[in-house]
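Since chain X is already given, all that's left is putting chain W on it; use the hints.
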Amino acid sequence: MMHSRMAGVAGAMLLALFAVGPAAAQDKPPLTVGAIYVGSVNDYGYNRSMKDGLEEMKRAIPGLKLIEAENVPETAESERVMEGMIQQGAKLIFATSFGHQQFAFNLAKTHPDVYFEHAGGWMQAPNFGNFFGATQAAWYPMGVAAGKMTKSNTLGFVVGVPIGYALGNVNAFEMGALSVNPAAKTRVVVTGGWSDKAKEAAAANALIDQGADVVTMHVDSPATIIQAAESRNAYSIGFQSIEAKQLAPKYWITGLGFTWGPFMTDTAKSVMAGTFKPAMVRLGLGQGMMAVAPFGPAVPADVKTLVTAAADKVGHGFNPFTGPVTDNTGTVRIPAGETWGGDKMGNFDWYVEGVIGKAK
Amino acid sequence: MNTALVVGILAGAIMSGTSLLYATLGEIVGERGGIVNLGLEGILLIGAASGFATTAVTSSPYLGVAAAMGAGAAANLIFAYVVVSRHANQLAAGLSLMFFGIGLSALIGRPFVGALITGLPHLAVPGFASGGFATRLLSYDVLVYLALPTAAFTWWLIFRTRWGLGLRTVGESPAIAFAAGLRPQTLQYQALAFAGALSGLAGAHMSLAVTLTWADGMTGGRGFIAIALVIFAKWNPLWAVAGALLFGGAEGLQLQLQAAGADVSPFIMNMVPYLLTLLVLILWGWRRQATAPMALGRNFVGVE
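These protein sequences, in sequence, are chains X and W.
Quick note, the first sequence lines up with residues 421 to 780 if you use our numbering.
Quick note, the second sequence lines up with residues 1395 to 1698 if you use our numbering.
The set of hints was computed from the structure by calculation and includes no laboratory data.
Please read all numbers here as calculations on a predicted model, not as lab measurements.
Heads up, the beta-carbon is just placed ideally off N, CA and C, and yes, glycines get one too.
Treat the hints loosely; a few may be bogus.
Computed from the model, here is a short list of chain X residues facing chain W with C-beta under 10 Å [said to hold, decoys possible]:
hint	residue
1	461
2	620
3	623
4	626
5	641
6	643
7	697
Chain X on its own, in the form it takes in the complex (with noise of 0.2 Å):
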């Protein structure tokens, strides 16, 4: 949106101004970082978990050194903040947002000495790797928390922009779902952006007039959604970032997260080792790349027993996509014997059986 990005644009160059100051003088670090985010780190969203990440990696170096960049728009602006980056000595650079890709890509053709890791997209080079978790699958277990803590057998998903990646986590959510409640149904609302908040305040409130008692959402922060929830009695189930507890203390069920601690730190000693190798890296649950949230108060342990033995399930290879898989119109989508992971992930246009919503 025009705004946040005039605004981020702002507070990009500010902070590009800020950091540029304390230079040099102390021991020269093992490695320098640079990371760059596509907004602010507090959101109890996708920023805060790579934040959480470069944290954990900060510590498990000693002396690394980590120069951060919140609110970095996803235009050329980015290239210009992570140029400043590697003027300050950054040798990796962890480019967090998808839009970042390109610039990113640009600055590693012209400069082969600084290694860069973006995250969600294709790209490669020689310094050029990306990751992301493999987050479908794992969507797998919050369905099987709202089908067993649903009284209402509605549950609700709000989704920012209807890409396939996102239709497939609605999918894994509600695949998960009939399998311990068969009259489960998801019905989706889809706001048409990724940060929208008073549409996202709205659409979890239109969801729990229609009998929603479980919210949960694709969006880039869930606390507005699940503050919405929680102020009508409905229980929530967070995602990005595994710390949204606290904004439901009583109707919290449990959140996916992601957890990039253990990958970013093997990166950065392999730049430091000088063995760094880009690769396409996809780890979901049990991998290290995402993890299921502390559950809240409410959840039964019966419950908590069948979420987590779902979620070992998913960690070892257990794939939700596997045919025969019937889209809500009753067409066979997924043919016996195929199996959708990976790429194809983000090839869905339609709703599983049971998903109530049109997808396009």
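Just chain W, lined up with the frame of chain X:
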């Protein structure tokens, strides 16, 4: 159509219509005095950010509301100085004010991203607090309940007081107002301060009652919808009530229809409020000349 859908649409219209109404009332008061403020969006953001920040610091949403009104009035007084005293072009000054508001609100709000606040409490109409549809339809924060009285008060102020008569005269012809012994510029300052306070209130309702979070640019263009609503309302505060409900409802309607499982593409659904805006402007467009204040947008540079 099920009951839940109707109740949801009405409650949604009232919630999102409230901030639209306050913003529209503010703009009407300014425009009645001949001043177009295209910076409304920026004032909404300043109100939302300062209200949220104050609430986060003091734990009192009511202090937050007061701070938002004060900040909105102060920002609008800067605008008043630029256009009333310095005779700057209103459209250019308004757009500058909008960008100023976007930047300032981001600055105010930055330390409070992710802050947890207790927003304005919902006060149920007595006897309807037991849950279910009645509670959903009859339980709102105090700013919702004050919206209609504020519209009525604004109407009374404009059409039934000597001050309002003076303001309208200034909006029609500052020179005649001046000749009649009024002080056009003083009236315009007063009107813009009042308008700023109402716009700040509109922003506070969004951050303290609707979203309970601060995010850059969170008003999402609602300031511009309010400016369009002024035309829809024919510069009349009472018509603004209908307009705010209609437009608040349009936003909620499509989300409610999605939740209800309507067989329509979400991409088309998200266009509904904007299609409605276009439709209304087409249908009402021709009435504009008859009702707009004559001197709207023109600066009064005094009588030499």
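Quick check: which numbered hints come out false for this structure? Hint 7 alone not satisfied by this model.
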